[in-house]
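Trainee: Residue numbers (the numbering used here), protein chains in the order written: chain A, 1 to 77; chain B, 1 to 103.
By construction, these hints were calculated from the structure, which means they are not laboratory data. Please note that a few of the clues may not be correct.
As the list claims (entries may be wrong) - Simulated crosslink set (BS3-like; lysine-lysine; CA at most 30 Å straight-line):
{"#": "1", "chain 1": "B", "residue 1": "K74", "chain 2": "A", "residue 2": "K54"}
{"#": "2", "chain 1": "A", "residue 1": "K61", "chain 2": "A", "residue 2": "K39"}
{"#": "3", "chain 1": "A", "residue 1": "K61", "chain 2": "A", "residue 2": "K10"}
{"#": "4", "chain 1": "B", "residue 1": "K19", "chain 2": "B", "residue 2": "K90"}
{"#": "5", "chain 1": "B", "residue 1": "K55", "chain 2": "B", "residue 2": "K74"}
{"#": "6", "chain 1": "A", "residue 1": "K10", "chain 2": "B", "residue 2": "K55"}
{"#": "7", "chain 1": "B", "residue 1": "K55", "chain 2": "B", "residue 2": "K90"}
{"#": "8", "chain 1": "B", "residue 1": "K54", "chain 2": "B", "residue 2": "K74"}
{"#": "9", "chain 1": "B", "residue 1": "K19", "chain 2": "B", "residue 2": "K54"}
{"#": "10", "chain 1": "A", "residue 1": "K54", "chain 2": "A", "residue 2": "K10"}
{"#": "11", "chain 1": "B", "residue 1": "K19", "chain 2": "B", "residue 2": "K74"}
{"#": "12", "chain 1": "B", "residue 1": "K54", "chain 2": "B", "residue 2": "K29"}
{"#": "13", "chain 1": "B", "residue 1": "K29", "chain 2": "B", "residue 2": "K90"}
{"#": "14", "chain 1": "A", "residue 1": "K61", "chain 2": "B", "residue 2": "K74"}
{"#": "15", "chain 1": "B", "residue 1": "K54", "chain 2": "B", "residue 2": "K90"}
{"#": "16", "chain 1": "A", "residue 1": "K39", "chain 2": "B", "residue 2": "K55"}
{"#": "17", "chain 1": "B", "residue 1": "K29", "chain 2": "A", "residue 2": "K39"}
{"#": "18", "chain 1": "B", "residue 1": "K74", "chain 2": "B", "residue 2": "K90"}
{"#": "19", "chain 1": "B", "residue 1": "K54", "chain 2": "A", "residue 2": "K39"}
{"#": "20", "chain 1": "A", "residue 1": "K54", "chain 2": "A", "residue 2": "K39"}
{"#": "21", "chain 1": "B", "residue 1": "K55", "chain 2": "B", "residue 2": "K19"}
{"#": "22", "chain 1": "B", "residue 1": "K19", "chain 2": "A", "residue 2": "K39"}
{"#": "23", "chain 1": "B", "residue 1": "K19", "chain 2": "B", "residue 2": "K29"}
{"#": "24", "chain 1": "A", "residue 1": "K61", "chain 2": "B", "residue 2": "K90"}
{"#": "25", "chain 1": "A", "residue 1": "K54", "chain 2": "B", "residue 2": "K90"}
{"#": "26", "chain 1": "A", "residue 1": "K39", "chain 2": "A", "residue 2": "K10"}
{"#": "27", "chain 1": "B", "residue 1": "K29", "chain 2": "B", "residue 2": "K74"}
What the hints assert, rightly or not - Derived coverage of chain B by chain A (criterion: at least 3 residues anywhere in the stretch with Cβ under 8 Å from a Cβ of chain A; other residues may be distant):
{"#": "28", "stretch": "46-58"}
{"#": "29", "stretch": "81-94"}
Using N, Cα and C, we set each Cβ at its ideal position, and we do this for glycine too.
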Amino acid sequence: MRERKPDRRKRNVLNERGVTRVDWKDTELLRTFISDRGKIRARRVTGLTPQQQKQVAAAIKNAREMALLPYPAARKG
Amino acid sequence: MSRHYEVMVILEPSIDERKVESTLEEFLKVIRTAGGSVDNVDIWGRRRLAYEIKKHSEGIYAVVDITAEADAVKELERQLSLQEFILRTKTVRRETVPHAAKA
């Protein structure tokens, strides 16, 4: 039987910082949710709740439109 | 019905940063004459763009908080988009008055 380590839960950055509403202008925070390629990190990586993940994704997309964050870089890199 | 809006504007980097406020003020008259109010004007200043817009790699960012009717905001957006020194604008509705959230 595989043993499960006591605390394998991922840290939830939003809860840690006490963010209740994600601001699309907060690029410093949003950058923690994108890969170096510029892609939005999956929920299984970010450890966010579905609601939070949705908010973050929408915020990143808004930020991209205003050139605050990059769009995913093209293949090869 | 009056609502809270947040309008972000990216201006061309060739503009004198000190003139940004007065330039924006000119456009914000639309809001005031329509009975709305401008709650806050935040000039972020020159910032590197994540990608080029109209061959510019930098832009001057400004965020304006407004309380007004939808029509007034729409007209503001239209007038802003007509200016070629304005690279991009984005209007977002806010549920509550900001300020407190701003660090």
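Trainee: Please name the hints from earlier in the document that this structure breaks, with their numbers sorted from lowest to highest.
Mentor: Hints 6, 17, 22 not satisfied by this model.
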